[in-house]
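Assemble the complex: chain A is given as a structure, and chain B must be docked to it using the hints.
Next come the chains, spelled out residue by residue.
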Amino acid sequence: MITISAISDIFPVLMQGIKITVTVLIASIICGYLMAFIAGFCRLSNNVILRKFTGLYVEVFRGTSLIVQLFWLYYALPILFGFDLGSDFWAGVLAISLNYGAYMSEIVRGSILSVAKGQTEAATALNMSSFQRMRLVIFPQAVRMMLPEFGNYLIQMLKATSLVSLIGMTDILYYGDILRSSNLSQAPTVYLLVLVFYFILALPLIWLTRRMESYSKKGVASQ
Amino acid sequence: MANPIVKYENVHKSFGEVKVLKGIDLDLMPAEKVAVIGPSGSGKTTIIRMLMTLEQPTLGSIVVDGKNLWQMEKNDQLMDANEKHLRQVRGDIGMVFQHFNLFPHLTILENCMTAPIHVQKESKASAKNRSIEMLEKVGLGDKLENYPSQLSGGQKQRVAMARALVMRPKIMLFDEVTSALDPELVEEVLTVIRGIANEGKMAMVLVTHEMEFAQDIADRVLFLDGGVIAEQGSPDEVFGNSENERLQSFLHRFRR
Chain A
5 MITISAISDI FPVLMQGIKI TVTVLIASII CGYLMAFIAG FCRLSNNVIL RKFTGLYVEV
65 FRGTSLIVQL FWLYYALPIL FGFDLGSDFW AGVLAISLNY GAYMSEIVRG SILSVAKGQT
125 EAATALNMSS FQRMRLVIFP QAVRMMLPEF GNYLIQMLKA TSLVSLIGMT DILYYGDILR
185 SSNLSQAPTV YLLVLVFYFI LALPLIWLTR RMESYSKKGV ASQ
Chain B
26 MANPIVKYEN VHKSFGEVKV LKGIDLDLMP AEKVAVIGPS GSGKTTIIRM LMTLEQPTLG
86 SIVVDGKNLW QMEKNDQLMD ANEKHLRQVR GDIGMVFQHF NLFPHLTILE NCMTAPIHVQ
146 KESKASAKNR SIEMLEKVGL GDKLENYPSQ LSGGQKQRVA MARALVMRPK IMLFDEVTSA
206 LDPELVEEVL TVIRGIANEG KMAMVLVTHE MEFAQDIADR VLFLDGGVIA EQGSPDEVFG
266 NSENERLQSF LHRFRR
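Chains as they are written, first to last, in the numbering used here: chain A, 5 to 227; chain B, 26 to 281.
Derived from the structure by calculation, the hints contain no laboratory data. Note that the Cβ used here is the ideal one computed from N, Cα and C, for glycine as well. There is no bait here: all hints are sound.
Only some residues are given here: those of chain A computed to face chain B with a beta carbon under 10 Å:
1. E125
2. A126
3. A129
4. N131
5. Q136
6. R139
The calculated lysine-lysine pairs, modelled on BS3-like cross-linking and capped at a C-alpha distance of 30 Å, are:
7. A/K121 / B/K146
8. B/K92 / B/K44
9. B/K92 / B/K226
10. A/K221 / B/K149
11. B/K153 / A/K121
12. B/K146 / B/K226
13. B/K162 / A/K121
14. A/K221 / A/K163
15. A/K121 / B/K44
16. B/K47 / B/K99
17. A/K121 / B/K168
18. B/K109 / B/K32
19. B/K92 / B/K109
20. B/K109 / B/K226
21. B/K168 / B/K149
22. A/K121 / B/K47
23. B/K168 / B/K195
24. A/K23 / A/K163
25. B/K99 / B/K146
26. A/K121 / B/K92
27. B/K195 / B/K146
28. B/K149 / A/K121
29. B/K109 / A/K121
30. B/K109 / A/K56
31. B/K195 / B/K226
32. B/K146 / B/K168
33. B/K153 / A/K221
34. B/K149 / B/K195
35. B/K99 / B/K109
36. A/K121 / A/K56
37. B/K109 / B/K47
38. A/K121 / B/K195
39. A/K121 / B/K32
40. B/K195 / B/K92
In isolation and in its complexed conformation, chain A is listed as follows (with noise of 0.2 Å):
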């Protein structure tokens, strides 16, 4: 069944599609990050229009399946509106960042609030602006209590890089699932390699999430 000589046929074949999955994966990982910051702040905006409009936001995304959302994206919004992406490329990461930046917004906002309020007194104390208090004070606390989480979602994100090849993009799943279709007898060993791809990608994720929680843990300690 799997054999080796079956692995060193199908290897290189899938090792075409690492170019797509790594470039999804890190286009994402910038936009999701992005995302998370801006709706994360709009969220606690004085601004009740913007904070509720994120709010909306935040909730439809979460509420949905990814997939859907991505087939939104590429299908359905060209036709509704005449409002193309430009490529599938962009709508799989538009998709994926506006997915996780939904679900990482709420690390942003609960990081923020759970900074306790006396740092923030404090800060006033010192005539610091409200500019300040964030940038100086608030923020870097934060900022550590969001890694952990942050790092968990950098390893979802890339297993979610896969639901891509749904769109017709050539990523790893995308050549396993070919290679598949032309020989199913071969499926077995197909599945394997493309997890034993996947979990190498995430290899390095991992590493950096486990430096990330050991970096948060450094000066924190709340009094």
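The following block gives chain B in isolation, referenced to the frame of chain A:
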């Protein structure tokens, strides 16, 4: 006689339905040391928190160095102060908190030098030098690179004082600064406060439960009860022979 540096006029404060302060009138002279005593829940802390702009009065005005703290004039109209106005007026006020509120992500030295650099735009070198000097003065010259979590409560509170003093305030507020400390650590903090008081330059308001200490360093003692200043006078008057019954029973509980 000099003008008061802080003037409370008919200041009221409610939290929801609860009226905490019901008309406070108070003049604080430059370099005057005032101790505020009273049962818990009497609004002692609220008095100084309003001066530090941490709570807004419900009614009345607080004037700092001739400037109205919570109100500003704009187009000849009096309106609620915005942040810019608050920052202009509160710049000469410093505060030390019951629970220290040090910044846990910064070293002791950084805790002290951050505000002079970013708020007062002092050069980094000068802020650093003055912070080190101040930390040496409170006896922590050997802890500069430590983080707050590595210090004892008394040490933390001394850092908090150095952090406030580096800003060169004209008015220092102390909010029950020994209440969260283990008994054996109280004295080291009081010693530092005594040192600051003896230099005599700053006006100080101390909300405290340390009666002997209040008697020792205060020029004037206020007894707060039921949301008003129920009694005030020199320490001898207040602790000696006041006829106010509430004050007597309050002091009695402390002297058991």
